[in-house]
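A.B. asks: For reference, the chains in residue letters:
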Amino acid sequence: MAEAARLRLALSDDEPFLGHKACAGCGGSLAVRLALKVLGERTFVVLPAGCMSAVGFLYPQLAFGCNAIISTFAGTASMMSGIAAAARALKLRDYHVAGFAGDGGTADIGLQALSGAIDRHENFIYICYDNEAYMNTGVQKSGLTPFGARTTTSPVGPHAAGARSRKKDIFEIVAAHGIDYAATASVAHAHDYIRKVERARTTVGTSFLHVLAPCPTGWGIETSETLEVARGAVDCGLWILAEYEASHYRINKTPRRFKPVADHLATQKRFAHLGKADVAAIEKERDSRWARLRRLAGER
Amino acid sequence: MASPFVRPYVRPRSPEDYPTGPCFTAGHLVETNAAWRSERPVLSVDRCTGCLRCYLACPDGAVLRAGAAVRIDYDFCKGCGICAHECNAQAILMIPEENKHVR
Amino acid sequence: MSVEATARQPQPLFVSGNEAVAWGARLARPHVIAAYPITPQTVVIERLAEWVAERKLDTEFLHVESEHSALSACMGASALGARTFTATSSQGLLYMAECLQYASGGRFPIVMMNANRALALPWNIYGDQQDSLAVLSSGWIQIYIEDAQEALDMTIQGFAIAEHAEVLTPVMLNLDGFVLTHTYEPVDVPAQVDVDAFLPPFRTPSKMSLEAPTSMGFTAGPAHYTEFKVQQHRAILRAARVASEVDQEFGRRFGRSYGGAVVPYHCEGADVVLVALGSVAGIVRETVDTLRARGVAAGMLKLRFLRPFPEREIVQALSTARSVGVLEKDVSFGHQGAVFSEVSSALGGSPNRPALLNFVAGLGGRDISRNDVEQMFDQLQSATVQPLNERVRFVGVDAWKAGELCSPRTIAGGVGEAERGGASVASGFGGKGAGPEVPEGGSEGDGVAGGVPKGGANPLSVPISEENGNG
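Protein chains in written order, with the working numbering: chain A, 1 to 300; chain B, 1001 to 1103; chain C, 2001 to 2471.
No lab work stands behind these hints: they were computed from the structure.
If you're wondering where the values come from, they're calculated on a predicted model, not measured in any experiment.
The reader is advised that the hints may include incorrect statements.
Said to hold, decoys possible - Here are the simulated lysine-lysine pairs, DSSO-like style, with alpha carbons at most 27 Å apart: (1) K2207/C with K2229/C; (2) K269/A with K259/A; (3) K91/A with K2229/C; (4) K168/A with K284/A; (5) K168/A with K276/A; (6) K167/A with K259/A; (7) K2056/C with K168/A; (8) K91/A with K168/A; (9) K2056/C with K21/A; (10) K269/A with K168/A; (11) K2229/C with K21/A; (12) K168/A with K253/A.
My request is simple: use the sequences and hints to build the entire structure.
C.D. replies: Written as structure tokens, this is what we have:
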């Protein structure tokens, strides 16, 4: 793993995201921290309303060491576009424009702006840290909440068993725009994530990363289990590590055999209520998604 | 790039003493997060292999590289326990945080 | 005003209000323009896009996918210290509503043209003032423009005011939809080099920079938020003085200045005064002239700035009036017009307590005729202090002179007299006296129609010429 070692050592010693008020064990903050260590200090960062802005910018405690600004909830990608345009107009050199938005801020309220920005071929790096619900406001269901998950707006009771809709495939939605570079990642697969941030960093054009960032508070896991649960999602096939580049899909890691979905779901209180039928449905959906992505990637 | 750091802070009293609009020096901290902890990680340096898994795993940037090993920044460690959980060498142990005087 | 001008010979062009704004924006050299099309603003951004394509304007032009994104992008650009411009109207203005407060609270000196247009529902693309008057509290400086020359000049002045270190507040330039945006007037376009001398590049310490990293747009809790808001309020109040200085400097250099936040016309010693804003001031001014010739002590108070609100100037101008009317193209449903509320409130602090009437006219693009304005003055002459809730008159709607329809007593009691009479609002520009008219003599200024062509045809169907002077 010489490549991994190289990337590790290449990381700056600086901690550009420090002193924030995220929950202990927050996957989202790890996603931001690692990405900023790769992108470096000459980065203009945009964050919409959401966990990372809420915990990073409460005057006078300002936890970003690099330039950073909070955008409106819907406006991450459009504010990033404005920054990119001004940087061109002002003839700035050697900089990056990056954004960190949650799943709701990306796939729901922020989708329009993201779509427009990709369409305009903006030169920036958009990172969606996916904790699979509107966590900052108290764990409400988002478009990226997976089927069956308990949230405060898709609760569990005698007549309800958590979210009943399918998780939007934001990676495919973005890829369908013909974006220059897109990838899925996980905070638990740090070397893979760092490599992808680096790839985005050197891409001249628009990049999008979708990184799984478990939330102990919202998922019902211990604060120490964040990475273990992210690994579990990849190992049972519910989270696919893949890339899209130059109109080609590429699956990075194909488990020879998936670990049981039921075991992974059982690690999180948000899935505790699921019965066999729901688990079977989740497995079936996993299988069809893999089949689809493998087809897109040109694999048999 | 300088990492954010804690600095002395005098709260502005009147509007004129505030920055113009929400615009201020980046990385301006006024407090640490040490008081959050109910457990703290303790590192056995002799068991540490320098693999840096904990360094890449800490959500708070509280595990820092130190020579061939790592060290914990107790100002910003929240005691989540991820580092101990992820360490393959059992070099980190979580113990109850007993220091009542951490800021 | 005869002020010695120091500028080069301007280029005379025959342009629409929209094109005049586009010229002002072009001359101001914005770094970034991000805009989304909406009738009747579209020509502004089309011209700008053409000039970019022709390499006559060096700017980053973003085709954003909504108005919310337009203002959001402008804020991002402004956060790097770039000069930014955008334009919108009605539905678009309200779609970006959260961004309005974001921009003013963020102290981003963006200049935005707003084509005043009616708000749905029902859908209506024609001009009225509901849109900008619905967002008076957004923290933006609000200016109301009367003609195309002013549109061009105030776009340039707008940047000077917005970007002033003591202001740092976004500016909204309001032009009446179609009536001003789409009508053509001769305009003097200043030379680029003179505008450059008047409007230097935007410099601010409040920005993100690679040399000095900054946190912007952060959260401020209960302990701090109020102080930021007080700063904002004080800054927009300071804009009054700055706007006056900018106008005077503009006058010195270009030979034209606009006289401040309010423009009184025959208000001194006036008996009846009509307060107006925007392009309708032309008809009101002419009506004042006509009445004065008949010996009526009539006056007009044109409001140019609604924010900061020129309370003192308004009270001063209305200090002798026995009756004051406010003519505006909006109403705050369930109460009265927004401008009327503000003017009435200002007069509450005046020793003079005139009778007050609110004339709501022009909604949805309905024409306001000279006849209408004369009838407003008639009512003012016979007005006595009206009971509360009976001061709103919907011009041209049945029984509007008596204000019956607007009385809660009438409404609460069921169908009002007028409605029982079966009188219907006529189609088109309906209502007695409110139909399109052939203007008597010339209209404001030089005979170029302010929107009502001969023959009574729908003025809004006058084709817009492709030939114009954008050389």
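A.B. asks: A separate judgement is required for each hint: does it hold in the structure or not?
C.D. replies: Hint by hint, here is what the structure shows:
{"no.": "1", "hint": "K2207/C with K2229/C", "result": "holds, 19 Å"}
{"no.": "2", "hint": "K269/A with K259/A", "result": "holds, 19 Å"}
{"no.": "3", "hint": "K91/A with K2229/C", "result": "violated, 33 Å"}
{"no.": "4", "hint": "K168/A with K284/A", "result": "holds, 16 Å"}
{"no.": "5", "hint": "K168/A with K276/A", "result": "holds, 23 Å"}
{"no.": "6", "hint": "K167/A with K259/A", "result": "holds, 20 Å"}
{"no.": "7", "hint": "K2056/C with K168/A", "result": "violated, 44 Å"}
{"no.": "8", "hint": "K91/A with K168/A", "result": "violated, 38 Å"}
{"no.": "9", "hint": "K2056/C with K21/A", "result": "violated, 49 Å"}
{"no.": "10", "hint": "K269/A with K168/A", "result": "holds, 22 Å"}
{"no.": "11", "hint": "K2229/C with K21/A", "result": "holds, 25 Å"}
{"no.": "12", "hint": "K168/A with K253/A", "result": "holds, 21 Å"}
Figure legend: structure checked against the earlier numbered hints; hints not met, in rising order: 3, 7, 8 and 9.
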